[in-house]
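Visitor: All chains should be modelled from the sequences, with the hints used to inform the complete structure.
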Amino acid sequence: MTTQFEKTGECLGTLTIEAEPTAIEGAMKRAARHLAEHANIPGFRKGKAPYAVVVTQFGEQAVFDEAIEILGPELYRKALDEHTIEPARAGTLEEVVSRDPLVMRFSVPLAPEVDPGTYREVRVSFVEPPVEEEQVERVLESLRQSQSLLAPVDRPAASGDILLAKIVANLTIVDGKAESIPVGGKGDEDGAVEVELNENLGGRFPGCGPKLEGIHAGETREVDFTYPDTFPVERLRARPAHMQFNCVAVKERRVPEWSEEVVRAVSDKTTVEDLRLAVREALQAQARSEAEQSYAREVLDKMIAGGSVQFPQVLVQEEIERMLRTLESNLQREGATLEVYLKTRPGGREALEKEYEPQARERLVRGLFLGEVAEREGLQVSEEEIADRFRRTFAGMPGGSDDARSQQALKDPTLRRLFLEDLLNDKAVQRVAEIGQGRAPDLAPIPTPAEKDETSAD
1 MTTQFEKTGE CLGTLTIEAE PTAIEGAMKR AARHLAEHAN IPGFRKGKAP YAVVVTQFGE
61 QAVFDEAIEI LGPELYRKAL DEHTIEPARA GTLEEVVSRD PLVMRFSVPL APEVDPGTYR
121 EVRVSFVEPP VEEEQVERVL ESLRQSQSLL APVDRPAASG DILLAKIVAN LTIVDGKAES
181 IPVGGKGDED GAVEVELNEN LGGRFPGCGP KLEGIHAGET REVDFTYPDT FPVERLRARP
241 AHMQFNCVAV KERRVPEWSE EVVRAVSDKT TVEDLRLAVR EALQAQARSE AEQSYAREVL
301 DKMIAGGSVQ FPQVLVQEEI ERMLRTLESN LQREGATLEV YLKTRPGGRE ALEKEYEPQA
361 RERLVRGLFL GEVAEREGLQ VSEEEIADRF RRTFAGMPGG SDDARSQQAL KDPTLRRLFL
421 EDLLNDKAVQ RVAEIGQGRA PDLAPIPTPA EKDETSAD
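Residue numbers (this note's numbering): 1 to 458.
Treat the hints with caution; some may be incorrect.
Below, a list of computed lysine-lysine pairs in the DSSO-like style, where the Cα atoms sit at most 30 Å apart [what the hints assert, rightly or not]:
{"#": "1", "residue 1": "Lys211", "residue 2": "Lys166"}
{"#": "2", "residue 1": "Lys302", "residue 2": "Lys211"}
{"#": "3", "residue 1": "Lys354", "residue 2": "Lys343"}
{"#": "4", "residue 1": "Lys251", "residue 2": "Lys166"}
{"#": "5", "residue 1": "Lys354", "residue 2": "Lys7"}
Each pair of labels, with its calculated beta carbon distance range [claimed, not checked]:
{"#": "6", "residue 1": "Lys46", "residue 2": "Pro346", "range": "45 to 53 Å"}
{"#": "7", "residue 1": "Arg45", "residue 2": "Thr326", "range": "47 to 55 Å"}
{"#": "8", "residue 1": "Arg235", "residue 2": "Glu434", "range": "44 to 52 Å"}
{"#": "9", "residue 1": "Pro156", "residue 2": "Gln244", "range": "52 to 60 Å"}
Hints were generated in silico from the structure; no laboratory data involved.
For clarity, every value in this text was computed on a predicted model and none was experimentally measured.
No residue lacks a Cβ here, since even glycine has one placed at the ideal position from N, Cα and C.
Guide: Here it is in structure tokens:
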């Protein structure tokens with residue numbers, strides 16, 4: 001067997017193999033036996049027909065094609081070993097160049113190549129995000145409001161009140177058919193639901209709130225309205241509708257003043273000042289976390305611009321497939337299917353894959369670059385970190401204790417790999433942010449060959 005390897009593109013190579021004459025002869029006989037074992041040939045038991053009979057029955061080309069299916073992968077693996085090639089994915093037989101001698105040409109996707117350049121020299125200024133006093137007060141007021149009580153009142157309804165009402169809503173009749181609109185909310189035994197009297201009645205009935213101000217308990221009002229073009233529910237957009245609103249009761253919110261009892265009800269603190277400090281610290285931590293994520297993306301972009309990332313097209317297609325599986329999962333949660341969704345899109349699956357390709361490439365570049373950073377920085381994930389991520393992921397889920405579920409899940413090699421990759425990615429992103437701010441720890445010196453030999457001798 002003679003072989004020749006040539007790099008023909010970005011992480012792509014061509015492997016040309018010329019087989020020994022005896023190799024194809026043996027493969028033809030093996031192929032004939034395989035065909036005979038899976039076919040009914042008159043006058044012979046399965047697998048017992050002579051070679052010449054099999055060739056007559058199926059044709060020489062069919063036997064040759066079967067022989068290539070057998071011999072091709074064997075010679076391909078030997079050629080990879082001969083050239084010490086580690087392909088990124090399985091190769092593809094592109095062409096049988098000739099039959100005598102047998103010459104085959106394979107396309108070989110090669111491992112990604114990442115050159116991070118001088119990534120450790122990248123610097124980007126980081127601005128500590130401010131937390132305004134108004135933000136703190138809004139959170140405190142929201143906490144105080146959460147302890148409010150609803151009390152029935154004998155007066156006309158005003159904005160901000162809670163109305164207990166029986167609501168019947170329909171889209172305006174089209175072609176003689178009325179289409180009801182789900183009211184939403186949990187009703188009482190009589191079917192009455194609570195809605196807040198605001199502009200859109202909680203978002204379900206746009207523009208209806210002002211038309212119901214001043215309503216009394218026991219009063220019924222008829223309201224006409226039209227859903228805006230931007231309404232979240234597509235089938236309701238720009239549709240006229242009618243609502244019958246029967247007010248059963250008017251209630252007002254009675255918000256308590258701050259007290260130790262109220263503070264304890266919304267936190268583990270005892271004073272308003274301690275609660276205010278805790279809220280400010282939580283807001284600061286949240287703001288910093290969000291700012292650091294955005295900052296890390298900016299630093300990573302500069303690092304990538306100063307380096308290079310190459311990968312075979314097959315990895316792009318795999319990333320697109322992952323994106324499609326995510327879409328399919330999201331559609332299933334909404335009661336839809338990917339098949340139906342693709343039928344509603346111009347161009348179908350092919351057009352969607354083309355639309356996804358730029359994003360898939362960007363994700364690959366970022367992921368491969370972060371992987372290179374993690375390796376060069378010596379980042380690792382401990383068993384305890386993996387176990388802790390499992391515990392936090394399964395916390396509060398039904399079906400047994402959190403610890404029991406996480407211990408069982410830890411045995412799943414696929415889940416373990418996914419969690420390990422996520423944790424390592426998180427560490428790489430954190431290290432990128434540290435490098436950008438100039439506060440990353442120094443790298444351990446790379447041992448010289450002599451030092452490696454001394455370590456091995458010890």
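Visitor: Look at each hint and say if it fits the structure.
Guide: To see whether the hints hold, each was checked on the structure:
For the hint linking Lys211 to Lys166, the alpha-carbon distance of about 16 Å falls within 30 Å, and the restraint holds. At roughly 55 Å between alpha-carbon atoms, Lys302 and Lys211 are farther apart than 30 Å, so this suggested pair is violated. Note on Lys354 and Lys343: the hinted pairing holds, with a Cα-Cα distance of about 16 Å set against a maximum of 30 Å. Our distance criterion of 30 Å between C-alpha atoms is met by Lys251 and Lys166, whose separation comes to about 15 Å.
For the proposed pair Lys354 and Lys7, the alpha carbon gap of about 26 Å is at most 30 Å, so the pair holds. The hinted window of 45 to 53 Å between Lys46 and Pro346 holds, with their beta carbons roughly 51 Å apart. At about 51 Å, the beta-carbon gap between Arg45 and Thr326 stays in the expected band of 47 to 55 Å. The beta-carbon spacing between Arg235 and Glu434, approximately 49 Å, falls within the hinted interval of 44 to 52 Å.
Hint check: Pro156 to Gln244, Cβ distance near 19 Å, so the stated range 52 to 60 Å is violated.
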